[in-house]
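Asks: Sequence:
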Amino acid sequence: MRLGEDQTALRRALQSGDTDLIYTVLCRLRQKLSSGDFLMLIRNFPVAQALHMRSCQDLDTEQLRDILVQEDDFLGQGLLRVKEAYNSSRADTRLASLQGAAELFRRAKHESHLQMTEEQIKLYRWQIRLEENQQKPYTDKSLHDTVHHLLLDGQIKEAEKLRTEFKIPEKRYWWLRVVAHAQAGHWDELAALAKNKKNPIGFEPFVEVCLKTGNKLEAQKYASRVKEENKVSCFIKCGLLEEATKIAHEQRSASSLAEVLAACGPQHQALQSRLQQLLSDPSLKS
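Residue numbers (my numbering): 117 to 402.
One should not assume that every hint holds.
[Said to hold, decoys possible] Cβ pair distances, simulated, as ranges:
1) K314 with D256: 27 to 37 Å
2) K328 with S205: 28 to 38 Å
3) E227 with P316: 21 to 31 Å
4) S371 with S205: 49 to 59 Å
Read the hints as simulated data drawn from the structure, not as lab findings. Predicted model only: the values in this text are computed from it and were never measured. For glycine and all other residues, C-beta sits at the position ideal for the given N, C-alpha and C.
Input sequences plus hints: build the corresponding full structure.
Replies: Okay, structure coming up:
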């Protein structure tokens with residue numbers, strides 16, 4: 117290094133395999149050489165270049181950008197722009213960075229990254245508009261969380277617009293609605309949703325989310341509408357042991373009757389006796 121043998125010093129450091137020594141040599145070279153000369157030098161040593169790029173990830177993004185530009189690495193430049201976008205709290209800066217990233221992904225012909233970035237730009241614009249209209253924070257939320265919060269706030273029309281714009285699958289959207297209505301205590305909205313004949317998820321989710329919010333009475337309204345094979349367990353979860361017993365007996369299922377019996381407490385002595393009698397029937401299915 118003192119003799120100016122830059123390439124030799126770097127080559128020897130690399131041959132040693134000592135990462136600390138390599139970083140030390142790189143640091144001294146960077147102090148000694150101009151930025152352009154330094155980048156041209158390490159370009160001839162892929163391992164050194166990779167280590168330098170790693171050190172630049174958090175410490176010197178401009179130097180990292182210079183390397184990526186030098187190598188015509190459009191994908192790397194695009195990823196760096198995305199990182200910069202989310203390090204900025206300014207809406208205009210973030211949008212500009214994301215748009216720049218999209219163009220770089222287009223030049224890199226990386227369709228998946230391009231599509232994801234364009235979707236994020238579209239979502240971010242929606243979120244900015246929602247914040248302006250609703251006076252509530254929406255940026256930095258995922259699409260899922262954005263729709264969820266709109267539903268929590270009773271903004272069903274806005275949620276529907278997002279669903280259409282971003283092609284949210286029907287089953288996923290129904291789940292979002294069921295969960296949000298239950299969490300918000302919008303029981304009338306939940307009941308109205310349950311009347312829709314095009315229900316793609318069944319009624320098990322209705323029972324599940326009502327129970328999770330601690331509203332067993334609401335859950336009971338939907339227990340009889342679940343699939344036949346799930347009725348016994350749903351009735352048990354809702355505390356409707358008599359109904360569960362009736363269904364289990366109709367199904368001639370010994371395992372279901374035993375499941376109801378296991379759920380009985382000291383206050384269910386009469387029901388326990390009846391279940392034990394029913395379980396003694398040898399014609400039951402196992």
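Asks: Each hint should be assessed against the structure and marked as holding or not.
Replies: Okay, the hints, checked on the actual structure:
no. : hint                       : result
1   : K314 with D256: 27 to 37 Å : holds, 34 Å
2   : K328 with S205: 28 to 38 Å : holds, 35 Å
3   : E227 with P316: 21 to 31 Å : holds, 30 Å
4   : S371 with S205: 49 to 59 Å : holds, 57 Å
The structure shown violates none of the earlier numbered hints.
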